[in-house]
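Trainee: Sequence:
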Amino acid sequence: MKIVVTGSLAFDYIMDFPGYFKDFMLSDKAHIISVSFLVDSMRKLRGGVAGNIAYNLALLGERPLIVGAAGHDFGAYREWLEEQGVDTSGIAIIEHEFTSSCFINTDQANNQIVAFYAGAMGHDHHNSLLNRGLTADDLVLISPTNPDAMRRFALECQQMGVPYIFDPGKQTPRLDPDLLAVGLQGARVLISNDYEFGMMAKCLGISEDELIARAPITVVTRGVDGSQIYVDGQLAAQIPVAPVSEVRDPTGAGDAYLAGIAFGLARGLPLEVTGRIAALCAAYAIEERGCQEHRFTLNQFASRYRAAFGHDLPLDVFSLREAA
1 MKIVVTGSLA FDYIMDFPGY FKDFMLSDKA HIISVSFLVD SMRKLRGGVA GNIAYNLALL
61 GERPLIVGAA GHDFGAYREW LEEQGVDTSG IAIIEHEFTS SCFINTDQAN NQIVAFYAGA
121 MGHDHHNSLL NRGLTADDLV LISPTNPDAM RRFALECQQM GVPYIFDPGK QTPRLDPDLL
181 AVGLQGARVL ISNDYEFGMM AKCLGISEDE LIARAPITVV TRGVDGSQIY VDGQLAAQIP
241 VAPVSEVRDP TGAGDAYLAG IAFGLARGLP LEVTGRIAAL CAAYAIEERG CQEHRFTLNQ
301 FASRYRAAFG HDLPLDVFSL REAA
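Once you know that position 182 of the sequence shown is 182 in UniProt numbering, the rest is easy, because the numbers rise by one and skip nothing.
No lab work stands behind these hints, which were simulated from the structure alone.
In silico BS3-like cross-links for lysine-lysine, where the CA-CA straight-line distance does not exceed 27 Å:
#, residue 1, residue 2
1, 170, 44
2, 202, 170
3, 44, 22
4, 2, 170
No experiment lies behind these values; they were computed from the predicted model shown.
Kindly generate the complete structure, drawing on both the sequences and the hints.
Mentor: What follows is the structure, encoded as structure tokens:
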């Protein structure tokens, strides 16, 4: 089975401001804001939904293919992904654009001022899943990127009869009812957090229960309350969170979780196991600052899975992949 990951590729610029934004905001001059913040530190980290998901799949022993768009500054990031075991042959380089960039400035109260530059991501709709040899035995992840690209990928999967996971994620507020309907029409799996799920239901003018029943498998994540997996609208598995040693950065946890879901489905694992693999992937991500800074071996993952959930993860699932 080939796993194809679509979605954004980006650099995250993480900055820390040693004060409080509110101390520099004048309410009577809010219409003419002009303020600069001197930050203590800045880190440039690899990110983007597609990059994060693919990285976690590679840790699990897969060699996922990314189909996306990046800029002329993507060279070192591309080489690093290849070193981790990710197939980057589906990434189009837009020579006159920068790779998408997210600039995040956080103050001492964890308030954030964020600027996002789409850059090369704006060209993602020119990419295609056709002529990549995909069949009904493969799996595509449709994750947040240019909305036109998300529509195109969904329609192409439907045309080819390729199963896909529909993950609107952070693009949910930008998606119109028609695009959501297109994405849901052929999705094997719908996945979202509970807040985004509510936004989707409101956008479509239906109840959350009706939305849950729209896909054969629906996964709703609920933060510290774990997640729920539904089959044909009925609750099939209640998934607990995996214990973490320290919550350092929740950014990227959802992408790691999705990688675990994709891995379990690709290996044909029971939903109860698939959900717990996803929860443990998310735990690893939470314990490090940055979305691709955590690491684990398959033996370490299996050992921690046993400690977290009280039963063994079948190692033959990994060894089958290693033997291939």
